[in-house]
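> What follows is each chain in one-letter form.
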Amino acid sequence: MSDTQAFDVIIVGSGAAGGMAAHELAAAGLRVLMLEAGRDYDPGTETPMFNTQEAAPLRAAVTSDKKLGFYDATVGGGWAIPDEPYVRPDGTQADGTLPDSDRSFGWWRPRMLGGRTNHWGRVALRFGPYDFKPKTRDGLGFDWPIEYDDLAPWYDKAERLIGVTGLPHGIENAPDSPPGVQLPPPPPRAHEAVLTRAFEHLGMKVAAIRAAVLTRPLNGRAACLYATPCTSGCSSRSNFQSTTVLIPPARATGNLTVVCNAMVSRVDVDATGRATGVTYNDRETGSELSVTGRVVVLAAGTCSSVRILLNSRSDVFPNGIGNSRGLVGKYLMDSVEFSRSSQIPMLEKLPVLNDDGMFTPHIYVPWWLLQEQAEGQLGFPRGYHIEPRGGRRMPTTGVGGLVDSGSATYGDDLRAEVRRKFGTSITLIGEGEMIPNEDSFCELHATAKDKWGIPVLQFHWKWGDSEVQQAMHMQETFNKVFTLLGGAPDNSEFKMSPGGGAIHEVGGARMGTSPQDSVLDSYNRCWDVKNLFVMDGAAFASSPDKNPTLTILALAARSSARILELMKGGGL
Amino acid sequence: MDQHNAAGVGTAPPGYGTDPNLVTPHTPWPRTLSERERALIGVLADIILPGTGEYPAPSGMGITDFFDEWVSAPYGTQQGHRAVITAGLAMVDAEAQRQFGAGFVELDPSRQRAIVDQIASTTAADRKFFIRFRSLVLVGYFTSDIGFKAIGYVGNVPLLGFPGVTPEAQRIIDDELRKLGL
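Chains as they are written, first to last, in our numbering: chain A, 53 to 624; chain B, 15 to 196.
Quick caveat, the hints were computed from the structure, so don't treat them as lab data.
Simulated DEER-style distance windows between Cβ atoms:
(1) S124(B) - G450(A): 29 to 39 Å
(2) A500(A) - P28(B): 26 to 36 Å
(3) G143(A) - K163(B): 48 to 58 Å
Computed far set for chain A versus chain B, every beta-carbon distance over 12 Å:
(4) G180
(5) L192
(6) E199
(7) G222
(8) S229
(9) K257
(10) R318
(11) T324
(12) S366
(13) F369
(14) E424
(15) G428
(16) P507
(17) Q527
(18) Q568
Below, simulated DSS-like cross-link-like pairs (lysine-lysine); rule was C-alpha separation at most 25 Å, straight line:
(19) K193(B) - K257(A)
(20) K532(A) - K193(B)
(21) K193(B) - K401(A)
(22) K193(B) - K473(A)
(23) K473(A) - K163(B)
(24) K163(B) - K401(A)
(25) K473(A) - K142(B)
(26) K185(A) - K514(A)
(27) K187(A) - K514(A)
Where is the CB? At the ideal position from N, CA and C, for every residue including glycine.
Please model the complete structure; the sequences and the hints are all you need to start from.
Written as structure tokens, this is what we have:
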């Protein structure tokens, strides 16, 4: 890469935000450079479609090399990356495991084109009107500088592009898409039909899942084959991955240059505080290179973008870019992810069915207690949704757990018990909103550095009482469902996950209405550096229960349109 | 390659790394169990999970190779299992010698079952080996392609549409839910 070549826009990162920015800006004719920290990755040739466990080492079990299993579409990453350490709240360096402490933090990073969009869960929920104004509603956290109506057209655009299932349910604060935008959902699996009855008995409204999976061909991509897990990626391009949906058309314009193994360390600024480009280390050669561009977009993933901002220290910005008020890295959030499982005897009566479906649940339960919450009947102010898992899915190395270790069963009885119990357990997963707090943040560690000498992050984490109360409510609710269906309550020890465990970390460079109380304006533009945009989850002012990816896509599309508008008007 | 090193003792573990080929997987570590241990695993696994007219016994579908690959892996979990399994196999053979004067593999089926009853008993002093061995038999068997059929997994096939619940299944669901008052 020549350091004299100038680009209109430099995008750091290639996941949901970076992919969307590249897609929009390259299509508009701008010369775009995308810098990805990991290697090139081609889902067309690298996805293990229909591979079975038998073909994999250790039957695809989780190992320290592949912490989410052999076939998980994460390249060169996990809870730790050699040469790229981070420091946990207790001062220790990450060792590749998710720490077993609710005061600790785990940071999942891949090193591949497309980032975490290659393996994400594909649940694609819109934030609702209340989600943008949480402080106005209950006095806690921060409002966004935009409303649902500001983002709605961009949700439409993102959904039309990537394909998202759903039905118009009219559920409060769980917005439907306009007619023609949503794809038809597949029918429920058997255990989902069973659960629906129990949920409704408890007063919950059950909705068709909103998943970024095609149930019809769309934009030249094939419909789902209802087999082979999304988390391994998809060579038929039937789900959303940046590497199948956004980057190929952006490349096809001829306007996008992608450089992999480019580990960006800082945004460069001139004496007036304007961004001139970025500096990165080539991960293969180790050499430090700088590139210049008129606009810089940070889309490296929440904490990576925060780290770049903090490391962008100069005479103009001695504390890093956007950090004159010490806000960068503050108010880091995750989802309150909590699950419980139970074996449901009535499911043993069902005939053998193919429950693979489209990998995600086919149903979910949007937050159903808004009214009770408003009346102060609950001990926590924010909601959660429920994603059920179960059915006869491809057996994993967890199959040994079907038989109680306390039993002496072997022989023909053992075979019969496994056959009887297979596919009869249900796991209910809650995804809840976390309120930002002063104790959950990241900052540059005073001395620790990565392989290239760049300061690394130290994390700090503490769940608030609201989150703990909410998780306890999940436990109680899930056990009610199990009991209704004749299963035993799951009374495993109550404990909160570490921060980052849901891999939904957002915040750290939030958008707001003024430079006094935020890092970015309402279009993801940095208040301090007018030609710098932060488009990933770092921009989030709150972390609603809805999984973040769809909102990142919508915000990035909206912010990209703003860049085009400002460029045309001479504002950049 | 030295077998002890291959099993992760002493030198850097030769795992498959963080960027293995997922489409055509390769297991880089060699199998390290002795012929005696492998023979014992096959016989014991067939007692734990006998075959049926329809489905093979574990020894007929590759359970021994599965165990050998598993306990030879350089990862911490598997190394922990290796210690339990190799010690347990030696213990089973020693018990066979002590009680019946021959190795476990050489015993007649009723004597083999007597030993298995002892190690499986819920009042046995140490059940670690039985629990781990049984669990690995289940993993090795039911995560295999033949095991999928045996357990009742019929997915991993391309479908034009997802069929949902069949009328037969729906009737059962309705009946069962009615019994639960739902």
